[in-house]
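So you can see what is in the structure, the chains are spelled out below.
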Amino acid sequence: MIAIEDHDAVRTITLDRPEALNAFDTALYRAAGAALDAARSDDGVKVVIVTGAGRAFSAGQDLKELERIASGQAYESGFPALLDALCAFDKPLIAAVNGVAVGIGFTMLAHCDLVFVAESARMRTPFGELGVPPEAASSWLFPQRVGWQRAAHILMANAWVSAEQAVEYGIALERVPDGELMDRVRAEAAHIAAAPLGALRAIKTTMLDGQRDQVAAARRREDRAFAVTFGFDPAVLDD
Amino acid sequence: MIAIEDHDAVRTITLDRPEALNAFDTALYRAAGAALDAARSDDGVKVVIVTGAGRAFSAGQDLKELERIASGQAYESGFPALLDALCAFDKPLIAAVNGVAVGIGFTMLAHCDLVFVAESARMRTPFGELGVPPEAASSWLFPQRVGWQRAAHILMANAWVSAEQAVEYGIALERVPDGELMDRVRAEAAHIAAAPLGALRAIKTTMLDGQRDQVAAARRREDRAFAVTFGFDPAVLDD
Amino acid sequence: MIAIEDHDAVRTITLDRPEALNAFDTALYRAAGAALDAARSDDGVKVVIVTGAGRAFSAGQDLKELERIASGQAYESGFPALLDALCAFDKPLIAAVNGVAVGIGFTMLAHCDLVFVAESARMRTPFGELGVPPEAASSWLFPQRVGWQRAAHILMANAWVSAEQAVEYGIALERVPDGELMDRVRAEAAHIAAAPLGALRAIKTTMLDGQRDQVAAARRREDRAFAVTFGFDPAVLDD
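Residue numbers (the working numbering), protein chains in the order written: chain A, 253 to 491; chain B, 253 to 491; chain C, 253 to 491.
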């Protein structure tokens, strides 16, 4: 479900559920969150790469599970576990977007420090279509990252964002030919990992602290809106 | 003064004072604010388009009225009524900038979610020239929308912004040939209006809530600076 | 060490320590801070230009002094004096980046309103390499000015930013051929100085007030991280 590979001080975490296009069910949310927490605690790890196995980065929330939550058959989601781990991650986090990124597969990119996208990758949020509120603090992070109008367009109109647009909008730092993606990302990760861990932690932590309160507040607002949409108490969303 | 037209769940509000280039006097401020409030309360309306009649979007504050306020002959302005309505608007708001947009005609665009500009449109703030402070929370919203430097340049140097620059700067999402503007905007509005109203409200509200306090604080600062400039109590600006 | 030149209401402050590439030691920090404070207090000055003498804008922190601070031989730095003056500067501040800008020579640009870069200029932060935290509120200002990803890349990977990239990223408003830099900057400054001082102050102050708390908080976090890195109490960094 999750593959881990270390190369010097760079750890690669691969979402490895390719038969479901790496869609997040409770188990994958928790496994990904636990992998990030472990990488954070391990002083041998300076930089983390997140990528997906197969042709997708992640198809997002497992919709079968969303249906069970929406219908009251399931009362918990692993979603907060992944989000908490992303928000707490105090080392450089690089995303290698190897293919399609939908929903949380897209919104989690706003929690990564450097995003590299394969030329064939594309991303999309289906919130309007599914009739659900934004998630993962995207209601605040997307306006910050891509500007209000592009954020509104992505969130309200559910348009596909191409790899080229991702760079133009500031979602991604660089677009890379599909076959060269991992080499490019590993080279950048190794370059950053040459710095002392203390300095990297100080840089990332001071950056994160500048948005911590707003991200937490956005998550609370979105959770409340989600609960209102589905008619239950927001507390059931807690892990 | 204001023309209203509904097409399915999309309402178009047209500033209709073309003989004055749709400049805002007290009556137009209030009529526009009331039209937005009515559209917000009407569950049959999912998306609103704002545009101008004739060759201008809006020439901004009616300067004759500004002179009366500055000289103490008038003690109230409709300005806060429009601003309050913009800040409270919890549905997708699209601006179709059909022509020149000056002052509040420009600054109100930072309160819209998607802005489409006709190729011949251009925009400008005259604050430095007129010797007045920024307005409509533009002192905070412009740095957020277009970056600090372009905001400083727009606010301090009063430069004209072309339709092409508006897109480059992130003021507008898209530039459209003049004759095709309304068709393009209506198509986008109809596309967004396909989503459930609840989801659109949740997206817009969670986005707005992420900037509500900062926008309110910026308005208070600007109102105080305006009162200081003209030597009267800020309370007289209240509606 | 500092050269001052007035032309009508425009004051040019030149960092004038070319033999050290205008690197900041305690004396230059304080002289630059004092020059900004004096320009702020002087009602004959409407706009200030900051530039560097010789081929560099500024090589940043004087490294010999940093070593003395890090080793406990020196217990104070002029750094806060410059930063306080930048944060308090309530008139338009224009940077003419005539050459290389490193460390504080780069991060101080995020405190300027309009930045013009000579074609041959380039900029860089060496924080990761030196093993030190970000400074001058860059942990918050850089994400605001250039976006999270480019900020992370600049701060973590220490990459050189070219004049062309500076404009593309939003660090600079305009790139100018080397020999034309000062003429271009002086023309823009004179244009802005045509506005009344009161309006310029109102514009700049309302803009600054919108980020004052976040900048102060970022400086406190960075100072703490710096103290932790070098194992002493943050109070010694105070001027």
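One or more hints might be untrue.
All copies of an identical chain are treated as equivalent in the list; a pair is satisfied when it fits inside any one copy or across any two copies.
Restricting the straight-line Cα-Cα distance to at most 25 angstroms, the calculated cross-link-like pairs of lysine to any residue (SDA-like) are [unchecked claim]:
no.	residue 1	residue 2
1	Lys-456	Arg-292
2	Lys-456	Glu-381
3	Lys-316	Ala-439
4	Lys-456	Pro-332
5	Lys-456	Ala-469
6	Lys-456	Tyr-421
Please keep in mind that the hints were generated in silico from the structure rather than gathered at the bench. Predicted, not measured: the structure shown is a model, and the values here were computed from it.
Hints violated by the structure (numbers, ascending): 3
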